[in-house]
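Peer 1: Can you build the whole structure from these sequences, using the hints too?
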Amino acid sequence: MSLKLPTVLFNLKPGIPEGQRQGVLAEVASWPAIDQVGPYLPDSPVEALRRAFVAIVLPHVDAAAVVERLSALPEVESASVPVQRRLVA
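Per this note's numbering, residue 5 is the first one in the sequence shown, and the count goes up by one each step.
Among the clues, some could well be false.
[What the hints assert, rightly or not] Taking CB as the label site, the calculated pair distances span: (1) 44 with 78: 17 to 23 Å; (2) 17 with 64: 27 to 33 Å; (3) 88 with 18: 24 to 30 Å; (4) 68 with 40: 15 to 21 Å; (5) 22 with 88: 30 to 36 Å; (6) 39 with 81: 20 to 26 Å; (7) 63 with 21: 32 to 38 Å; (8) 11 with 54: 14 to 20 Å; (9) 42 with 63: 17 to 23 Å; (10) 21 with 42: 18 to 24 Å; (11) 85 with 34: 19 to 25 Å; (12) 88 with 19: 28 to 34 Å; (13) 66 with 21: 29 to 35 Å; (14) 81 with 35: 16 to 22 Å.
The set of hints was computed from the structure by calculation and includes no laboratory data. We treat Cβ as the ideally placed atom computed from N, Cα and C, and that holds for glycine.
Peer 2: Set out below in structure tokens:
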């Protein structure tokens, strides 16, 4: 059985230059609560999805606190904890 770490999805605001975007991602990745950060769908034809990122949160951390901290960044348009769904056979 694998342990699934909590995740937070966040979108950066449109028009943020690549260098600034990389700086924000590096900052978030350096937070002690974060295991890793990466793009959600970098090759999507939908611009909003190319601005979406996933932060994997360490198991001992409240993901809602990460959402709050991300939301305080001026470059972040939105942040949320995705609803957990399970497949029903």
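Peer 1: If a hint holds in the structure, say so; if it doesn't, say that too.
Peer 2: Each hint, compared with the structure:
1. As the Cβ distance of residue 44 to residue 78 is approximately 20 Å, the hint placing it in 17 to 23 Å holds.
2. A C-beta distance of roughly 30 Å is found between residue 17 and residue 64, which places it inside the suggested range of 27 to 33 Å.
3. At about 29 Å, the beta-carbon gap between residue 88 and residue 18 stays in the expected band of 24 to 30 Å.
4. Residue 68 and residue 40 have their C-beta atoms about 19 Å apart, which keeps the hinted 15 to 21 Å range intact.
5. Separated by about 33 Å at the C-beta atoms, residue 22 and residue 88 satisfy the suggested range of 30 to 36 Å.
6. Between residue 39 and residue 81 the beta carbons are some 23 Å apart, a value that agrees with the proposed interval 20 to 26 Å.
7. Under the hint 32 to 38 Å, the C-beta atoms of residue 63 and residue 21, about 34 Å apart, fit the expected range.
8. Distance hint check for residue 11 and residue 54: the Cβ-Cβ separation is about 18 Å, which falls inside the suggested range of 14 to 20 Å.
9. Hint check: residue 42 to residue 63, Cβ distance near 18 Å, so the stated range 17 to 23 Å holds.
10. The given range of 18 to 24 Å is respected by residue 21 and residue 42, whose C-beta atoms sit roughly 19 Å from each other.
11. Between residue 85 and residue 34 the CB atoms are about 21 Å apart, so this pair conforms to the stated range of 19 to 25 Å.
12. With their beta carbons about 32 Å apart, residue 88 and residue 19 fall inside the hinted range of 28 to 34 Å.
13. For residue 66 paired with residue 21, a C-beta distance near 32 Å keeps the hint of 29 to 35 Å intact.
14. Distance hint for residue 81 and residue 35: a CB-CB separation of about 19 Å, consistent with the stated range 16 to 22 Å.
The structure is consistent with each of the numbered hints, conforming to all of them.
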